[in-house]
Amino acid sequence: MLHPPEDAAERRPAITLIEYDRTTLEERVIENTEELLPHLDNQRVTWINIDGLGDVEVLRALGSRFNLHPLALEDVLDTSQRPKVEQYDNYLFLVLQMLYRDRAGVICGEQVSMFLGKHFLITLQEEAEFDVFEPVRVRIRNVSGTIRKSGPDYLAYALLDSIVDHYYPVLEDVGAKVDLIEESLSTLQPRINPVGELHGHKRTLTRIRRFVWPVRDLVSSLMHDETGLVNKATKVYLRDCYDHTVQLMDLIESYRDVLSGLMELYLSAVGMRTNEIMRVLTVISSIFIPLTFIAGVYGMNFAHEADGKPLPWNMPELLHPYGYIACLLFMLGVAVFQIVYFKKRRWL
Amino acid sequence: MLHPPEDAAERRPAITLIEYDRTTLEERVIENTEELLPHLDNQRVTWINIDGLGDVEVLRALGSRFNLHPLALEDVLDTSQRPKVEQYDNYLFLVLQMLYRDRAGVICGEQVSMFLGKHFLITLQEEAEFDVFEPVRVRIRNVSGTIRKSGPDYLAYALLDSIVDHYYPVLEDVGAKVDLIEESLSTLQPRINPVGELHGHKRTLTRIRRFVWPVRDLVSSLMHDETGLVNKATKVYLRDCYDHTVQLMDLIESYRDVLSGLMELYLSAVGMRTNEIMRVLTVISSIFIPLTFIAGVYGMNFAHEADGKPLPWNMPELLHPYGYIACLLFMLGVAVFQIVYFKKRRWL
Amino acid sequence: MLHPPEDAAERRPAITLIEYDRTTLEERVIENTEELLPHLDNQRVTWINIDGLGDVEVLRALGSRFNLHPLALEDVLDTSQRPKVEQYDNYLFLVLQMLYRDRAGVICGEQVSMFLGKHFLITLQEEAEFDVFEPVRVRIRNVSGTIRKSGPDYLAYALLDSIVDHYYPVLEDVGAKVDLIEESLSTLQPRINPVGELHGHKRTLTRIRRFVWPVRDLVSSLMHDETGLVNKATKVYLRDCYDHTVQLMDLIESYRDVLSGLMELYLSAVGMRTNEIMRVLTVISSIFIPLTFIAGVYGMNFAHEADGKPLPWNMPELLHPYGYIACLLFMLGVAVFQIVYFKKRRWL
Amino acid sequence: MLHPPEDAAERRPAITLIEYDRTTLEERVIENTEELLPHLDNQRVTWINIDGLGDVEVLRALGSRFNLHPLALEDVLDTSQRPKVEQYDNYLFLVLQMLYRDRAGVICGEQVSMFLGKHFLITLQEEAEFDVFEPVRVRIRNVSGTIRKSGPDYLAYALLDSIVDHYYPVLEDVGAKVDLIEESLSTLQPRINPVGELHGHKRTLTRIRRFVWPVRDLVSSLMHDETGLVNKATKVYLRDCYDHTVQLMDLIESYRDVLSGLMELYLSAVGMRTNEIMRVLTVISSIFIPLTFIAGVYGMNFAHEADGKPLPWNMPELLHPYGYIACLLFMLGVAVFQIVYFKKRRWL
Amino acid sequence: MLHPPEDAAERRPAITLIEYDRTTLEERVIENTEELLPHLDNQRVTWINIDGLGDVEVLRALGSRFNLHPLALEDVLDTSQRPKVEQYDNYLFLVLQMLYRDRAGVICGEQVSMFLGKHFLITLQEEAEFDVFEPVRVRIRNVSGTIRKSGPDYLAYALLDSIVDHYYPVLEDVGAKVDLIEESLSTLQPRINPVGELHGHKRTLTRIRRFVWPVRDLVSSLMHDETGLVNKATKVYLRDCYDHTVQLMDLIESYRDVLSGLMELYLSAVGMRTNEIMRVLTVISSIFIPLTFIAGVYGMNFAHEADGKPLPWNMPELLHPYGYIACLLFMLGVAVFQIVYFKKRRWL
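So the sequences go chain by chain: E, R, P, L and Y.
Take 1 as the starting number for the first sequence in our numbering and just add one per residue.
Take 349 as the starting number for the second sequence in our numbering and just add one per residue.
Take 697 as the starting number for the third sequence in our numbering and just add one per residue.
Take 1045 as the starting number for the fourth sequence in our numbering and just add one per residue.
Take 1393 as the starting number for the fifth sequence in our numbering and just add one per residue.
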């Protein structure tokens, strides 16, 4: 039972057909799946690209024309697939996630499915607005390119490579932002709280990793393909693509490391600062609290005489000619003692 | 020695029998295990489902009729089994955990055991009230479905797939709650303490993971089964089921990551806030403590005269015409100096 | 060179002999190792159990009678062995740790060594007071049990299974205590410090894990034994035992997870509470410190007149008819302002 | 499509040719790639070293002369390659990163690519200013060295070994700095904040690890090479090189461990110190706050008489002959009680 | 090019020769490497032990006599080798680290290299003062020992075993110290800061682990040796040695676990204590701050009359007959209210 993905546009999918061999090239927009019929069994490379998964009928027609397994078609429509390659009788089925920044700079993911047969390649994308295949189309139009001399397996490689290559700018974008944060943290007293932002970048990296990690296995599977659908010459190129995915993983891991390090760095910087403020508070409080107490004592109102009788034991200091001076000096002494003590213990 | 699980209801288990081939279908409730006898050796697919493990006699009868190993029967009754598949002489024995939310929304686990033979499938569940097999029963009743054209191995796959599919809503439920917490944390000053809740979700995820992780191995074992009990056609479907378990593991891991991240985020937010409050306290205290001390000093009662003799050294400031004004200005100066100093050090 | 373990009792070990086949059973206490001689080469299963490792002579005698390797005998006496199985020419040598709670509820470990031959099983334990083999002895006495129909390999399995089964109550005991702690932490303001206790449970789990982890490999080795000492029928039972060890590992890991989680939960709860207390201190301090300062100012003793001359600039407020009222209102205003400000910033 | 790396100098690359066998040696600077032609198919070992990647034409010429795969040439120009070895039809392609400190002591990385053929070795570096190959050139000039008796595989090993050996001083430099930090932390009250520096060293280690880790696999691949391009005698030497990379990994890991430990140590030391300061603040505050309150009470101005009527209930203590002494003694008592109490609870 | 290690004594190395078979034994100190010649090709076991690596000539002589590979000799002199076993044409080359406490109790490491041939064993140590081989020498002198009946492989095993056995007391020493710390932490208010010490023990464990971990692989390699240099009988003994290394790893890991746990425990204890002190401060401050404010208010000097005119609104409380009593009661009320409130919130 095929259901279109929930958020799929209800418009008809746009179908484009590119057919080529060493000398000829034909590009067409297909209106009706019936038109595909005559393009099947010739010796040219047939690339059918479908943008939009809103119309299940198109898929069903495609499925019956190309004898595609229902499970594979279900996977095409379930846009939360993990990248994978599956081997069916006459074709390989690939799913992976394309990643690009849209016009507003937001990172978008879009699922791409591929059916790689002996003479055809069918690609299916979620929507038509943007894809990362344009450079490949340009290379196809170039009559002397490698792509024109090769089969659909090389075309699949080229698309794969283009998808993988488009992970780089997205990653580098994250990297640049992380570098910015790092720079802002290198000042001694950062005022912004970068924790939320760091957390966000970590999630983005986790997301990209979930896309990239299985792509590595996917490419590796293609490299060791034994169905004959992937030529030995193409496998050399796939090795290059494999290296890229490994490199991407390396990049992601090192960014994650940096993020964790920055988090630690920031928290420790914040802790250090709190510490310093604390210390100042302690010192100021500790110095003034005893002094204020002394002032308080001499602010007490014990009477020097009651009912005309002198009370000589009550606060005689207050009546002493140099009482005030002595008191101030005593306060100074207490303060100096404390400051020296704190300095000595290196608390100040 | 077979013992029913401790919390098993003592009611008789409910036994239902579904027998089908491409053309015929028979559904019956079985009262007595004797009735099962004539259904054994025909060519149709026989699915015996037993709800409730309270009556050991039924199991024993089943065991002797279908020649089930005592160890397998013991495992059926021990409802804390780890998901696994075991190969016996004439059948495969599968145990796994079904997961669903009951009417109150509480996540419930229930152990399901399966005996998959050449012509029969026996499933045993802990209780009758709820199971996740209803969609499969519906598909059996549909005469043109794949299930009617296939053997008990496909039926087992369908049940397995249904169990695995029911992990998704449970997980998504956790995910939705986690997203809610994340949203509430994105405000700058969260007032609720989400730690307990995050801890609870982590435990739920750990629990689900303990169910899902071995299911992956279970499905993988079935995919590479060499007993002939699982047909090649079914294995293609099992591959799909395997992908789902991998995807589930991915989901669980990414939720766990998010949970850890949120915990960190929350603790850092709390720490930041405490920090800010601390800073304000420090500033206010540090500003007022010296001022209060000065006020205290001029609140001292040193006498200006004693026994008629003036004591000119005692607090002459108090007798100065502009003493008060000067004192207030001095206080202001101290406060301004402090504020400027704190601003400069960026503590304010 | 054989040395008894340091803490071994110096009493003679207690030797018991159980010999059985399908129809006959003989149980005897052996006084002298010479008595063992006639029991060797018959066709019955001979189980020699030795409690206590204090007398090296007994081991040496046993060693020469059964041709046991000196290294294995050394391992028997070194009671800190890691569980393992070793293959010698005519027998398998197994070491593992038995775990039980003694009468005082303390968790005790005791090393058990087994020599499994074609017709005999020798088990050696550290001391006689307690072991976990009693259920197996009961099963041997039951003439119709599986054990009587099987060889020494099944007997070894039964003992192994009994040892493994006795890990469960010990673990469940830890689990119950952990649950208690968790419950006590779920109240909002826990007063006890559970860190020490959690730490203790973690050490217990680590200890049990060190016992259980290698047992899994041990059972796995027996399952894939190729010496012929372990029958195929017994291997099915060993698979069950293997599942138990995996389940135990799962349990241990999940308890460890819970312990870590509780530690985190507790520390975060303590942090939260400190935080709250801090906040209250801040608020109270911040509200009263300025007020106290104001009171201090008006407590200053600047004179309103000196030498008969009025000093109109010195604290005229004090002479104002409504000065006190105005002062109190001003204080109230400052307090209200602060409370509103703190409320607004959600610090209160 | 070959593009020079972005930061490559636009100068022509410097090409040097060294050709040798057991008896002859020829060193030349090549101006034009045409000059290389006659050096190709002889039986001597031809080492072509190219410094600088700014001129793509040179590479292209080289590529067509030596039949180098375009993908390999692309990798040469992409200077962020992960170390790897790739097998092509007639040669092995190696990429790795050279690491050295430049004159200013800054750690520099430079990518080195090698093409190892049956009779030639081509090495390509990013820039000419500095490389780590000088010791190898010296060894080549020594007519009796092993290098002169061996093929290009041994030369490749010698260069590889030189690169790996140059990782050591860089690492030891980091190690020395870490030791310095550790020493400065061993004093009880560190005043510097080493977190940033520790973070920096961690990043350096991560970077070196990213270079070293894949080199291990690279060497391992060469050791198990089956193309015949690496002789058995050379493989013995490669084993030595392999050991070095393992040792490097060990060193890096142990430095990382030390760094983490120091971070922990420092943070705990800072925490301890804050703790001690806190305790002093608490004690001083707690001692003086009640005393100040008492002084405040006796500083209150309740009137002893109003309108000529005595008010005997208002602060009679102030009129008592020994009121002041009693008050001071009471304050002393409060202070002593507190100090004793704090001492007893070990807070002081 | 052979260079002696930097810190090697410049004295001549001490060379001892032990030669034995079942019946004969010869021990000699060798002055000149020439003397070794006649001992080479006989059928007895020749053990040449060299203490001290200061004289490169001896090594070179040895190298040419026994045909030792230059790389192996270089490894002998590089005393920071990772433990390993390498297979050369006619011998095995082993490097590992000996660990012992010297007379002052300091843990020392010393590198031991071994060349194990068909009839000889050469061991090389860094210095002569102390080694762990004495027990082996004693066993050689015992004419009826296993060692005399076996080849150099058994001798190598005996030395290896002795080295591994000497790791135990070092580890147990660390363990004992850790236990002491744990005990001191179990008191509720630890005053010492054990973080530095724990850190030191962790570094020691890391160091020992770096020695032990590769020894396991080394022994494993010997166990699976296929050169014929290690007899099957010796492999049984090596299995025992392998078990010891695994046990050592277990010990180290569990000590590391305990150390981490203690660190956590200590930090949490310190945190708890700070917390408690904080709480007391809060309570005392919060109770007295409002009281002090009240006292401050009534310490203000608002005049009751100015210029002979009464100011009835200025602080009439002060003139009230029971004003003081009422004020004290009010203060008491505020204090009691606060205490009750804090008790209720469980802050006290």
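Just so you know, these hints were derived from the structure itself, not from any lab.
One or more of the hints may lead you astray.
With a straight-line Cα cutoff of 30 Å, these simulated DSS-like cross-link-like pairs (lysine-lysine) come out [what the hints assert, rightly or not]:
#1 P:Lys845 <-> R:Lys580
#2 R:Lys432 <-> P:Lys1039
#3 Y:Lys1701 <-> L:Lys1387
#4 R:Lys432 <-> P:Lys780
#5 E:Lys177 <-> R:Lys692
#6 P:Lys1005 <-> R:Lys432
#7 E:Lys232 <-> E:Lys309
#8 E:Lys84 <-> L:Lys1128
#9 P:Lys1005 <-> Y:Lys1701
#10 L:Lys1279 <-> E:Lys235
#11 R:Lys466 <-> P:Lys1005
#12 R:Lys692 <-> E:Lys84
#13 Y:Lys1735 <-> P:Lys1039
#14 L:Lys1387 <-> E:Lys232
#15 L:Lys1276 <-> Y:Lys1624
#16 P:Lys814 <-> Y:Lys1624
#17 E:Lys235 <-> R:Lys580
Using C-beta positions, here's what the derived DEER-type ranges look like [stated by the list, open to error]:
#18 P:Arg952 <-> R:Arg370: 44 to 54 Å
#19 R:Tyr436 <-> E:Arg28: 28 to 38 Å
#20 Y:Leu1720 <-> E:Phe337: 31 to 41 Å
#21 E:Ile325 <-> R:Asn541: 51 to 61 Å
#22 P:Arg952 <-> R:Glu482: 37 to 47 Å
#23 E:Pro169 <-> L:Thr1190: 42 to 52 Å
#24 Y:Arg1457 <-> E:Ser260: 12 to 22 Å
#25 L:Asn1134 <-> E:Gly54: 18 to 28 Å
#26 E:Pro169 <-> L:Asn1134: 32 to 42 Å
Negatives, chain R to chain E, calculated, CB over 12 Å [stated by the list, open to error]:
#27 Ala362
#28 Thr630
#29 Trp695
Keep in mind the model is a prediction, meaning the values are calculated, not measured.
Backbone N, C-alpha and C define an ideal beta-carbon position, used for all residues, glycine too.
Structure-based check of all given hints:
Proposed proximity of Lys845 (chain P) and Lys580 (chain R) is contradicted: the alpha carbons are some 40 Å apart, above 30 Å. With a C-alpha separation of about 57 Å, the suggested pairing of Lys432 (chain R) with Lys1039 (chain P) is violated against the 30 Å cut-off. For the proposed pair Lys1701 (chain Y) and Lys1387 (chain L), the alpha carbon gap of about 56 Å is over 30 Å, so the pair is violated. Simply put, Lys432 (chain R) and Lys780 (chain P) have alpha-carbon atoms about 25 Å apart, close enough for the 30 Å limit, and the pair holds.
A distance of roughly 29 Å separates the Cα atoms of Lys177 (chain E) and Lys692 (chain R); the hinted pair therefore holds under the 30 Å criterion. The hinted pair formed by Lys1005 (chain P) and Lys432 (chain R) fails the criterion: a straight-line CA distance of about 104 Å is larger than 30 Å. Using a Cα cut-off of 30 Å, the hinted pair Lys232 (chain E) and Lys309 (chain E) is violated, with the two alpha carbons roughly 119 Å apart. Taking the CA atoms of Lys84 (chain E) and Lys1128 (chain L), the gap is near 25 Å; set against the 30 Å cutoff, the hint holds.
About 18 Å separates the Cα atoms of Lys1005 (chain P) and Lys1701 (chain Y), which keeps this hinted pair within 30 Å; it holds. For the hint pairing Lys1279 (chain L) with Lys235 (chain E), the CA-to-CA distance comes to about 28 Å; that is within 30 Å, so the pair holds. A threshold of 30 Å between alpha carbons decides the hint, and for Lys466 (chain R) with Lys1005 (chain P) the separation of about 121 Å lies outside it, so the pair is violated. Only pairs whose Cα atoms come within 30 Å are accepted, and Lys692 (chain R) paired with Lys84 (chain E) is rejected, the gap being roughly 58 Å.
For a cut-off of 30 Å, the pair hint linking Lys1735 (chain Y) to Lys1039 (chain P) stands: about 24 Å separates their Cα positions. A threshold of 30 Å between alpha carbons decides the hint, and for Lys1387 (chain L) with Lys232 (chain E) the separation of about 82 Å lies outside it, so the pair is violated. Note on Lys1276 (chain L) and Lys1624 (chain Y): the hinted pairing holds, with a Cα-Cα distance of about 29 Å set against a maximum of 30 Å. Restraint check for Lys814 (chain P) and Lys1624 (chain Y): satisfied, since their Cα atoms lie roughly 23 Å apart, inside the 30 Å limit.
Among the hinted pairs, Lys235 (chain E) with Lys580 (chain R) is consistent with the structure: their alpha-carbon atoms are about 29 Å apart, no more than 30 Å. Hint check: Arg952 (chain P) to Arg370 (chain R), Cβ distance near 52 Å, so the stated range 44 to 54 Å holds. Distance hint check for Tyr436 (chain R) and Arg28 (chain E): the Cβ-Cβ separation is about 59 Å, which falls outside the suggested range of 28 to 38 Å. Between Leu1720 (chain Y) and Phe337 (chain E) the Cβ separation comes to about 35 Å, which falls inside the hinted range of 31 to 41 Å.
Judged by the Cβ atoms, the range 51 to 61 Å given for Ile325 (chain E) and Asn541 (chain R) holds: they are separated by roughly 56 Å. For Arg952 (chain P) and Glu482 (chain R), the Cβ-Cβ distance of about 38 Å falls inside the hinted range of 37 to 47 Å, so the restraint holds. At roughly 48 Å, the beta carbons of Pro169 (chain E) and Thr1190 (chain L) sit within the given window of 42 to 52 Å. For the hinted restraint 12 to 22 Å between Arg1457 (chain Y) and Ser260 (chain E), the CB-CB distance of approximately 56 Å leaves it violated.
Evaluation of the 18 to 28 Å hint for Asn1134 (chain L) and Gly54 (chain E) yields a failure: the beta carbon distance comes to about 52 Å. Hint check: Pro169 (chain E) to Asn1134 (chain L), Cβ distance near 36 Å, so the stated range 32 to 42 Å holds. Non-interface call for Ala362 (chain R) relative to chain E: holds, since the shortest CB-CB distance, roughly 30 Å, exceeds 12 Å. Look at Thr630 (chain R): its CB is around 4 Å from the nearest CB on chain E, not clear of 12 Å, so calling it non-interface is violated.
Non-interface status of Trp695 (chain R) relative to chain E is broken: a Cβ of that chain comes within 12 Å, the nearest being about 6 Å off.
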